[in-house]
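Protein chains: 2
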Amino acid sequence: MTTGADRHVVIVGAGFGGLEAARHLAGVPVRITMIDRRNHHLFQPLLYQVATASLPTSEIAWPIRSLLRGHRNVTTLLGSVTGVDRGAKTVLLDGEPPIAFDTLILATGARHAYFGHDEWEPYAPGVKTLEDATRIRRRILFAFEQAEWESDADGRAPWLTFVIIGAGPTGVELAGTIAELAHDTLRGDFRNFDTRSARVILVEAGPRILAGFTEDLSAYAERALKRLGVEVMLGQPVSDCREDGIVLGGAFLPARTVLWAAGVAASPAAEWLEAPADRAGRVRVEPDLSVPGEPEIFVIGDTAFVAGADGKPVPGVAPAAKQEGGYVAQVIKARLQGKPAPGPFAYKNAGNLATIGKRAAIVDFGWIKLRGRLAWWIWGIAHIFFLIGLRNRLAVALNWLWIYVSGHRSARLITQGQAGTARKAQ
Amino acid sequence: MTTGADRHVVIVGAGFGGLEAARHLAGVPVRITMIDRRNHHLFQPLLYQVATASLPTSEIAWPIRSLLRGHRNVTTLLGSVTGVDRGAKTVLLDGEPPIAFDTLILATGARHAYFGHDEWEPYAPGVKTLEDATRIRRRILFAFEQAEWESDADGRAPWLTFVIIGAGPTGVELAGTIAELAHDTLRGDFRNFDTRSARVILVEAGPRILAGFTEDLSAYAERALKRLGVEVMLGQPVSDCREDGIVLGGAFLPARTVLWAAGVAASPAAEWLEAPADRAGRVRVEPDLSVPGEPEIFVIGDTAFVAGADGKPVPGVAPAAKQEGGYVAQVIKARLQGKPAPGPFAYKNAGNLATIGKRAAIVDFGWIKLRGRLAWWIWGIAHIFFLIGLRNRLAVALNWLWIYVSGHRSARLITQGQAGTARKAQ
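Chains R and S, in that order, are what the protein sequence lines are.
Every number in my numbering is 1 more than the matching position in the first sequence, counting from 1.
Every number in my numbering is 1 more than the matching position in the second sequence, counting from 1.
Where hints are given, some of them may not hold.
Identical copies carry no separate label here, and so any pair may be met within one copy or between two of them.
To be verified - DMTMM-like cross-link-like pairs, simulated, lysine to aspartate or glutamate; straight-line CA separation at most 25 Å:
hint, residue 1, residue 2
1, K90, D7
2, K340, D365
3, K349, E149
4, K90, E151
5, K90, E149
6, K313, E97
7, K334, D7
8, K370, E122
Hints were generated in silico from the structure; no laboratory data involved.
Fair warning: this is a prediction, and the values are worked out from it, not measured in the lab.
Given these sequences and hints, build the entire structure.
This is how it looks when you write it as structure tokens:
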């Protein structure tokens with residue numbers, strides 16, 4: 002144990018996985034350094050609500066160092082990791098000297114991916130960071146502002162057409178909330194057109210939405226979306242994204258706002274380590290989440306490919322990342338105490354949730370499936386419960402309650418630049 | 002009256018003055034077009050709290066069109082006015098066709114000014130817009146992050162030195178809140194240094210701070226600032242601002258965070274109109290706030306120079322702008338109804354308030370002067386009362402209450418860019 006105190010555990014990334022690892026190691030006699038490119042932990046499951054002006058940024062993100070403030074053996078550093086030197090056992094940084102580690106935990110997450118069409122990104126942004134979310138919010142709100150300037154319906158149509166590509170949980174949540182924004186929240190705010198004339202189109206290459214759920218639940222979700230006024234286009238791969246619209250099944254669809262929710266790729270951790278990876282760039286880790294041949298380097302969360310006990314890979318969701326972070330902490334503790342290592346990591350699926358707008362959701366706990374209003378309340382309570390910090394729970398709850406009863410959304414701000422520059426930003 | 006309905010009143014700028022004018026004209030049979038470069042009305046008196054991470058942006062700014070939603074004769078447009086054609090009676094816009102007016106109200110506000118040293122702006126930003134505030138917040142928080150990287154006190158010193166130039170209300174409020182941030186809120190968040198070692202320096206060229214108040218009140222405010230740990234340097238004109246510090250009385254003071262609160266200049270409305278202006282670029286308006294020789298063009302708020310009844314110019318504060326907006330609406334109504342014009346505009350001073358950190362403030366109602374904790378509560382209640390929209394009042398009140406009891410600040414987010422780019426942003 003005495004030697005433990007000298008051990009230096011470096012954690013890269015303060016997402017769900019990295020933060021959980023740091024917290025479980027807090028009591029352990031090791032020095033911990035947490036490095037993140039941003040100063041805040043982001044509650045990504047609610048990021049789409051920032052993008053759709055339902056929540057202000059400050060209510061789903063918190064300074065990492067204040068989250069870890071109580072853990073005296075944790076030092077938090079704001080820095081950009083650019084690589085790992087396996088031989089020297091150091092982490093390489095942008096503009097700072099390398100940092101040596103005894104044990105390394107890489108929890109660097111994922112970005113959205115365009116399947117070899119990175120040129121689409123400026124026209125079809127994805128939502129992974131606070132900046133993504135505020136950019137998308139600006140784009141959505143600006144489209145309505147621009148429509149108010151147009152003199153006829155033809156001119157307005159492209160500004161009032163919102164396309165979401167990809168019908169996973171994020172795509173469905175975006176489509177549902179944008180539909181509510183257009184048909185409910187913004188209604189009456191404009192003089193030259195009816196916001197209900199806006200089209201919200203959810204495009205999916207596969208045969209159904211929310212493929213991660215059972216067929217009956219995804220069928221229900223599709224009906225719920227249509228009730229909100231969302232047009233669902235299935236089996237429609239997108240062949241091009243441009244500034245003024247997309248190409249779908251050979252036909253051009255004019256739309257000034259296109260959002261990407263179709264896929265993610267892991268952070269470059271695999272390249273840093275020159276470790277074996279899957280097609281999405283995720284490191285293929287050992288059953289104890291360490292890198293093959295590197296027992297002191299662990300990879301967790303969206304950056305890791307973990308073959309589950311049942312052969313099915315562990316999904317890239319927050320609960321999985323948290324469980325992996327906690328598990329790695331156990332492994333490190335066991336080694337310090339000279340105890341036998343715990344068995345291989347096993348993911349416990351606590352259930353799948355997805356929400357469709359303000360009053361509908363689907364929940365699959367395995368032993369029970371729920372849908373509709375009750376499911377929505379379960380979804381809301383679960384998310385508020387998981388939000389870190391009492392105050393934020395309260396603030397988010399108040400916000401949702403307010404939106405729920407009044408239909409108003411608080412965070413409808415177009416920040417950065419004035420109208421002129423915003424127009425150019427389009 | 003019947004002809005009234007065809008009259009087109011264009012208001013440029015949805016600040017306190019423009020918004021008040023629109024609201025008072027709402028019932029009147031005229032068409033009103035509100036044009037602003039931004040989609041939100043900003044409660045500027047609290048902007049410094051965003052800059053110092055006390056309030057999130059969404060709680061001091063609200064979409065203009067939702068504020069005016071109920072007024073059916075008001076159309077809100079997001080657009081950048083670039084000039085006025087007096088002859089054609091049109092407003093010129095960036096990227097949109099000109100808009101014709103019968104009556105024009107210019108309420109385009111002011112920006113901070115560098116007295117012929119615009120090259121100082123990147124090193125000493127001022128706080129006038131939400132973007133200014135978030136940029137400054139990023140800079141302040143990033144300075145502490147950077148200090149955590151430095152290996153010795155000498156390297157940390159410039160990052161932990163915060164200079165505020167100008168000791169008017171904004172400068173005092175910034176200095177007091179940054180001192181609290183360093184000495185209280187952030188305390189214990191860092192491992193390599195004590196945030197209380199940070200220096201907060203308030204620099205003023207004049208002989209005393211808060212010159213707008215009586216000598217005893219500004220003396221009290223200075224003592225209160227010093228209790229918070231702020232160093233006050235009086236009679237010290239700044240002769241240079243650089244990336245790494247400022248030159249003060251011939252000596253170089255290393256500081257990585259320098260904020261500008263020393264002066265403002267009016268928007269270019271005077272140039273648009275080729276109208277007589279004062280040194281700060283404010284249009285010298287007639288007693289009825291119209292432009293000399295242009296009875297149908299009014300200028301109000303920080304863009305107007307109004308010689309008060311007592312000869313003293315009307316101050317550039319929110320209550321004055323609101324009173325001017327309401328007054329111009331009265332003038333327009335009287336003309337429509339063929340009634341005699343109201344007397345010349347007379348500013349009613351409701352009192353001056355300034356706050357020094359969390360528990361001290363000074364209040365001068367003329368008939369009574371207050372200072373200390375009671376004054377702070379009056380300041381807080383007054384500001385919450387004037388915040389538009391019940392929900393925001395509630396949210397801000399909750400926020401302040403939270404900060405007051407817990408010392409935590411909710412909005413400590415460094416957004417835009419990762420550490421690497423943020424560093425370059427320095």
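Hint check:
Taking identical chains as interchangeable, the C-alpha atoms of K90 and D7 lie at most 25 Å apart only when both belong to the same chain, with a minimum of 15 Å there against 76 Å between chains. Taking the shortest alpha-carbon separations for K340 and D365, neither the intra-copy value of 37 Å nor the inter-copy value of 70 Å comes in at or below 25 Å. In this assembly of identical chains, K349 and E149 lie within 25 Å of each other by CA distance neither inside one copy nor across copies; the values are 50 Å within and 38 Å between. For the identical chains of this complex, K90 and E151 are inter-copy neighbours only, at 22 Å across copies versus 60 Å inside a copy, given an alpha-carbon limit of 25 Å.
Taking the closest pair of Cα atoms, K90 and E149 come within 25 Å of each other only across two copies (22 Å); inside a single copy the shortest separation is 58 Å, beyond that limit. Taking CA atoms no more than 25 Å apart as the test, K313 paired with E97 passes in neither setting, with 40 Å inside one copy and 56 Å between copies. Taking identical chains as interchangeable, the C-alpha atoms of K334 and D7 lie at most 25 Å apart only when both belong to the same chain, with a minimum of 14 Å there against 78 Å between chains. In this assembly of identical chains, K370 and E122 lie within 25 Å of each other by CA distance neither inside one copy nor across copies; the values are 36 Å within and 59 Å between.
Hints 2, 3, 6, 8, counting from the list given before, are not met by this structure.
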